[in-house]
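Colleague: Top to bottom, those sequences are chains A and B.
If you read the first sequence in full-length UniProt numbering, its first letter stands for residue 1, the second for the next number, and so on.
If you read the second sequence in full-length UniProt numbering, its first letter stands for residue 1, the second for the next number, and so on.
There's no promise every hint is true.
If several chains are the same, the list does not tell them apart, and a pair holds so long as it fits within one copy or across any two.
Said to hold, decoys possible - Below, simulated DMTMM-like cross-link-like pairs (lysine to aspartate or glutamate); rule was C-alpha separation at most 20 Å, straight line: (1) Lys126 <-> Asp97; (2) Lys34 <-> Asp118; (3) Lys49 <-> Glu19; (4) Lys34 <-> Asp97; (5) Lys147 <-> Asp63; (6) Lys15 <-> Asp97; (7) Lys147 <-> Asp52; (8) Lys15 <-> Asp63; (9) Lys147 <-> Glu89; (10) Lys49 <-> Asp63; (11) Lys147 <-> Asp97; (12) Lys49 <-> Asp12; (13) Lys15 <-> Asp132; (14) Lys49 <-> Asp24.
Just so you know, these hints were derived from the structure itself, not from any lab.
Number of protein chains: 2
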Amino acid sequence: MAPRSRPLVLDDVSKAIIEQLQTDGRRSYSEIGKAVGLSEAAVRQRVQKLTDAGVMQVVAVTDPMQLGFYRQAMIGIRVSGDTTAVAEEIGAIPAVDYVVLTAGSFDILAEVVCENDDDLIDLLNKRIRGIDGVQSTETFVYLRLHKQFYNWGTR
Amino acid sequence: MAPRSRPLVLDDVSKAIIEQLQTDGRRSYSEIGKAVGLSEAAVRQRVQKLTDAGVMQVVAVTDPMQLGFYRQAMIGIRVSGDTTAVAEEIGAIPAVDYVVLTAGSFDILAEVVCENDDDLIDLLNKRIRGIDGVQSTETFVYLRLHKQFYNWGTR
DNA sequence: CTGACTTGCCACGGAATCCGAACCGGAGCG
DNA sequence: CGCTCCGGTTCGGATTCCGTGGCAAGTCAG
Chain A
1 MAPRSRPLVL DDVSKAIIEQ LQTDGRRSYS EIGKAVGLSE AAVRQRVQKL
51 TDAGVMQVVA VTDPMQLGFY RQAMIGIRVS GDTTAVAEEI GAIPAVDYVV
101 LTAGSFDILA EVVCENDDDL IDLLNKRIRG IDGVQSTETF VYLRLHKQFY
151 NWGTR
Chain B
1 MAPRSRPLVL DDVSKAIIEQ LQTDGRRSYS EIGKAVGLSE AAVRQRVQKL
51 TDAGVMQVVA VTDPMQLGFY RQAMIGIRVS GDTTAVAEEI GAIPAVDYVV
101 LTAGSFDILA EVVCENDDDL IDLLNKRIRG IDGVQSTETF VYLRLHKQFY
151 NWGTR
């Protein structure tokens with residue numbers, strides 16, 4: 001949770017390792033080593049370094065729909081005053097899984113995951129719009145998730 | 001890439017397994033089994049089923065910044081005609097990692113990952129705005145990613 | 001140049017894990 | 001009752017994980 005580390009240049013081998021784990025996070029070190037031309041131990045050390053440095057993390061990602069969260073939305077938020085403070089507060093809400101400060105007609109974009117429409121309404125009215133500094137919000141209800149990639153690493 | 005398997009109810013044990021893998025995608029089956037009260041083989045079978053069904057996938061997620069992608073943005077797109085077709089075309093662009101059909105003042109939201117501003121400009125002008133049916137776009141350049149969670153599974 | 005230090009990789013071996021297959025018990029059904 | 005399906009457990013051999021030690025190639029100071 002603390003990516004406090006130097007730039008940490010990534011050579012081609014590390015990129016290759018990341019690509020391997022992007023396609024399958026459970027691939028064995030020796031298999032990766034075979035693919036990138038390194039020994040098992042070397043791969044292991046590099047993966048450890050990469051995760052320690054916060055460059056990469058291996059996790060399970062899920063389909064919210066199939067877990068009972070039937071309503072997702074992106075919320076554009078206009079703020080007066082310190083955007084960071086507001087972002088902090090919004091990020092503290094459990095239903096919010098993604099917060100980013102932006103330039104443009106919104107100051108903050110927040111993605112939320114709710115079980116149903118009632119939860120979304122409550123979230124908006126009772127939580128987000130009540131935050132000090134929030135001027136206005138605009139909600140984009142998700143109709144269909146069409147693409148979701150995690151392998152933007154090296155192209 | 002094809003979540004073609006509808007019903008598949010998730011009991012508490014499967015949810016617990018998912019939570020384990022959400023905190024660490026490389027945790028061993030036996031360790032998970034110990035945590036959720038199942039044998040190693042049973043955990044393995046369930047994980048296999050869950051991934052096959054598209055409920056969950058274990059992957060490496062990376063910090064784009066540390067991989068040389070210094071410019072991210074969300075692009076709101078207004079479309080005339082079939083939104084699905086446009087979404088399909090946008091999703092085919094490598095720099096686009098996230099596409100969702102929405103209700104609201106945008107028809108499509110697309111997150112893009114670029115190396116720099118020039119790439120972003122080219123992406124917008126030469127790729128996205130050239131797609132048939134795209135009426136207008138609005139770009140929200142990311143200033144700072146503030147929160148990003150993958151563990152929305154069960155709360 | 002040289003010696004101390006650092007860094008990254010490989011080799012190795014014991015412990016742990018993975019993984020396929022066999023087995024088992026309960027539920028549903030004719 | 002016999003049969004099948006399902007999900008769990010057990011089991012054993014192959015594989016992987018992981019700590020450790022060694023080695024070669026820098027780097028730096030004197």
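Colleague: Does each hint fit the structure? Answer for all of them.
Modeller: Hint-by-hint comparison with the structure:
| no. | hint | verdict |
| --- | --- | --- |
| 1 | Lys126 <-> Asp97 | within (18 Å within a copy, 32 Å between copies) |
| 2 | Lys34 <-> Asp118 | neither (51 Å within a copy, 37 Å between copies) |
| 3 | Lys49 <-> Glu19 | within (16 Å within a copy, 24 Å between copies) |
| 4 | Lys34 <-> Asp97 | neither (36 Å within a copy, 28 Å between copies) |
| 5 | Lys147 <-> Asp63 | both (12 Å within a copy, 19 Å between copies) |
| 6 | Lys15 <-> Asp97 | between (27 Å within a copy, 18 Å between copies) |
| 7 | Lys147 <-> Asp52 | between (29 Å within a copy, 18 Å between copies) |
| 8 | Lys15 <-> Asp63 | between (27 Å within a copy, 12 Å between copies) |
| 9 | Lys147 <-> Glu89 | between (29 Å within a copy, 11 Å between copies) |
| 10 | Lys49 <-> Asp63 | between (29 Å within a copy, 14 Å between copies) |
| 11 | Lys147 <-> Asp97 | both (17 Å within a copy, 7 Å between copies) |
| 12 | Lys49 <-> Asp12 | within (15 Å within a copy, 34 Å between copies) |
| 13 | Lys15 <-> Asp132 | neither (43 Å within a copy, 35 Å between copies) |
| 14 | Lys49 <-> Asp24 | both (19 Å within a copy, 15 Å between copies) |
Violated hints, in rising order: 2, 4 and 13; the structure is consistent with all others.
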